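Chain by chain, the residues run as shown.
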Amino acid sequence: MVDWHPLKRWLFTTNHKDVGILYLFTSLYFFVAAGLLALTFRTQLALPSNTFLQPDEYNQAVTTHGLLMLLWVLTPLGAAFANYFVPIQIGARDMAFPRLNALSYWVYLSSGLLALSSFFASGGTADWGWTTYAPLNTVEFSPQVGGSMMGLALMLLMASSIVSTVNFLVTIFRLRAPGMSLMRLPLFTWGWIFTSLLMLWAFPSFVSALSLLIADRAFGTVFFTSPQGGSLLWDHMFWFFGHPEVYVLLLPGFAIVGDLFSTFSRRPLYAKKIIIPCFAIASILSFTVWAHHMFMTGISQSLLEAFNITTELISIPFAIIVLAYILTLRGGSIRFTTPMLFAVGSLGLFIIGGVTGVFNSSVALDTAFRGTFWVVGHFHYTIVGGGLTGLFAGLYYWFPKITGRMYNERLGKIHFVIYMIGFNLLYFPMHLLYDMPRRIFTYDASTGWGPLNLLITIGGFTFGISQLIMFANLLWSARRGPQASQDPWGGYSLEWGVPSPPPEFNFPEGVPVVSATGVTYRPVAAANGGHAMANGGHAYGGHGGESSEEHWSRWPVVTAAGAGIALWGVLMGLPALILGTVILAVSFVGWGYESLRGREAIEAIGEKWPFDRLENLSLGMWLFIFGEIAFFGTLFGAFVFLRMNSPLSGFAWPQPGSVHNIFFGGFNTIILLTSGLTMVFALMFARQGSYRGLQGSLVATFALGAFFMVNKAFEWKELFASGFTFSTNPASSIYYVLTGVHGAHVVAGLTALTYLMVKALKARSTTEAGASVEIFGIYWGMVDAVWVFLFPLLYLL
Amino acid sequence: MIDEAKYAAVYSILMLGLIVEILIAVDRSALGAFADAGILAIAVLQALFIFMVYMHGRYGPRPVAVFAVISLLTVLPLFIALLYSVVMPHHGSLP
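As you go down the protein sequences, you meet chains A and B in turn. Under the working numbering, residues 1 to 797 are what the first sequence spells out, in order. Under the working numbering, residues 1001 to 1095 are what the second sequence spells out, in order.
It should be emphasised that the hints constitute simulated quantities derived from the structure, not laboratory data. None of these values were measured; they are calculated from a predicted model. Be careful, since some hints might not be right.
Incomplete in silico selection of chain B near chain A, CB under 10 Å [as the list claims (entries may be wrong)]:
1. Leu1031
2. Ile1050
3. Ile1080
Here are the simulated distance ranges between beta carbons [as the list claims (entries may be wrong)]:
4. B/Leu1073 / A/Val358: 50 to 60 Å
5. A/Arg613 / B/Leu1031: 33 to 43 Å
6. B/Leu1073 / A/Ile316: 19 to 29 Å
7. A/Val358 / B/Phe1079: 53 to 63 Å
8. A/Phe119 / B/Leu1083: 35 to 45 Å
9. B/Leu1073 / A/Ile465: 40 to 50 Å
10. A/Pro488 / B/Phe1079: 24 to 34 Å
11. B/Leu1048 / A/Ile662: 15 to 25 Å
12. A/Tyr133 / B/Leu1083: 41 to 51 Å
13. A/Arg613 / B/Ala1008: 19 to 29 Å
14. B/Leu1073 / A/Ala364: 29 to 39 Å
Heads up, the beta-carbon is just placed ideally off N, CA and C, and yes, glycines get one too.
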């Protein structure tokens, strides 16, 4: 008889360590796929006038390689370690929202499979380069359905990342063990805080840009095909996400390097109190440097100067961090194990990437280097050298903790040597090709680029082969390697105080209590100031008959599958769309009915600053709304750009009242704002213990929200009938996208309201329903707040 | 009762703001060149009231407000750059 237990475990697990392992394997799978693509186009470029790939194939390989490596490999590989180790490093038993954590993973996998499946669509996948520049991304130049599929896959991935980000921030801010102040957090957790904040504020702007792109491709809107928007609008929206993304890729590996320098030199991290503010400064500055990617687009001289300065400024915090890392080693007893070798190598490669980056910050030099292989060399030294190499250091470092076995040190060092040789053969000569355009699929022998390209390709294969050594070593060692002790490296963070591999709920001895002198373990009630936890006190040790199966949930994987199939169906056919939608609907019902012991047990009992007064769910909702501010803010930015650009490009924006009926819009605004009032009344009645008041208020909110949407549908119908369609002009395009995404938020809210109404009807006390009402009230307030801007922008100005 | 009064007062303010917005839009002569700015200022005030009272309420301690402001600030550079990209000598490719 087949034992389904292991399969069920991996499909249904919500345990953060299992989810971390799933992320690890999946990101490495995409790493191999993206690496193979790189080898194919490097083979094409190895010789002049080569015909190994056709131009379209080359473009598709380069595009998919870039997107996979950046978005499906590097960030998720960091997320793998964050999932596994952040909860342990802060002294928590799991993530704040374990089921959402599992959902993030499955949606990530689903998006990756959707992206890869686009290769098999008619005409192939996206071929516009990872930057997805307009107008290459438009239907005119990339008509293949695979391109749209890649766009939807990116949207799905962004959704997964944003949910994951909220989860991590709530976990780190609310679930730290007693005594685990923010300053006591290991650098990796700090790095992940800033990574998460960057994702929270940068990724929504990419979702905005993708929304416009998909609207252009699917509905014929004119954002990137009209002179009012065009390529410049895409450039701004994309790079506003794209440059913070560089630090999203870099910070996890860079932070691991800091922790490893400390551990392997047996010295505390030098100037940690300066390094952390430097992380913060770099993160803030990362939102002010994106236009250095646009020096050649013809933007104004003032912008060139401003972004030249901010780009040079951002090198300062990194220079300070690098110096602090190096000073950590001074006087230390350094052990050059494989993780340490990779950490040192990572820092060295990053320095080269950083120095060449300063060249690019200069408008004058950038004008010469832009669009050449110099830039390719620079960003690979930064992202692969600083980011991926640091993550590989982490992989070797934490391998004994994850598997309970040691890897083969000799093979690890051989991997390092071949890795470094391959890396530098691959990327350093690219700097010498500063006169070779990066976006060509072949070249003539007379250019003289042939020998260096051949050398680069040899480096690429060497680099690729070195990874086989790592995979062989780690796979073999996971089964046959010698047993690892609890703390083989003498690490200082909490994961080294638990067995290898850690038990189900991390801390079998009780709650870790952190102090200046070390860590002690106390029973839950003692650590909680004498109060037992709501679930009876078994939250940490996993005692009390609690089994891992009680924390399984089937719905994350079902939801992700439904989302993936539905999006695939959007482009490939109605049956798949219906199937995916049905699966999604069933899964949503399932989420509501499921009761997990582990789900509600993740209580905050230790350090919660600065969010002491918020519950986990409230904070989660607020963080989501902070991301929504970036999402709608970017869309409003697009509106302003289109509107201001119109008179300069010969388009007369419709006068207020000429297209939209001001009074009808005003009437709908009254309806939505009234629903906001009934929503706060619902919360008030819940607090007062009034069942009838609560139920009545929720029903009124639902009715008003539904009425708002019916009116909106009626308005759309009228506008379409009058010839004001998606593609009429930029004013119509932005109107439909803004009201469409806002409407989607209202519909999502109505769906949640249905759930709340059922819950309110079944609740044994209004207090029980009140918590959910409170969370939903925050969301509904946001929906109202967005509309109070949309109404004047679309109807009055 | 205090809560009810507070929520109703905010609702009245939101409605009043809406009416004033529409009046300004219908007859711009009163505010002239400041009509658009006036309408946007009212929208900002409305959003602020929703945030402070409907969303903020008892579950909105200071850190939430700080994070909300930071969230707004993150998109500010984009707005400035987009505006500068319009005001600039009109964009086009370099020679």
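Verification of the hints:
no.: 1; hint: Leu1031; verdict: violated (12 Å)
no.: 2; hint: Ile1050; verdict: holds (5 Å)
no.: 3; hint: Ile1080; verdict: holds (9 Å)
no.: 4; hint: B/Leu1073 / A/Val358: 50 to 60 Å; verdict: violated (26 Å)
no.: 5; hint: A/Arg613 / B/Leu1031: 33 to 43 Å; verdict: holds (41 Å)
no.: 6; hint: B/Leu1073 / A/Ile316: 19 to 29 Å; verdict: holds (20 Å)
no.: 7; hint: A/Val358 / B/Phe1079: 53 to 63 Å; verdict: violated (28 Å)
no.: 8; hint: A/Phe119 / B/Leu1083: 35 to 45 Å; verdict: holds (40 Å)
no.: 9; hint: B/Leu1073 / A/Ile465: 40 to 50 Å; verdict: holds (47 Å)
no.: 10; hint: A/Pro488 / B/Phe1079: 24 to 34 Å; verdict: violated (51 Å)
no.: 11; hint: B/Leu1048 / A/Ile662: 15 to 25 Å; verdict: holds (23 Å)
no.: 12; hint: A/Tyr133 / B/Leu1083: 41 to 51 Å; verdict: violated (22 Å)
no.: 13; hint: A/Arg613 / B/Ala1008: 19 to 29 Å; verdict: holds (26 Å)
no.: 14; hint: B/Leu1073 / A/Ala364: 29 to 39 Å; verdict: holds (31 Å)
This entry does not satisfy hints 1, 4, 7, 10 and 12, going by the numbered hints stated previously.
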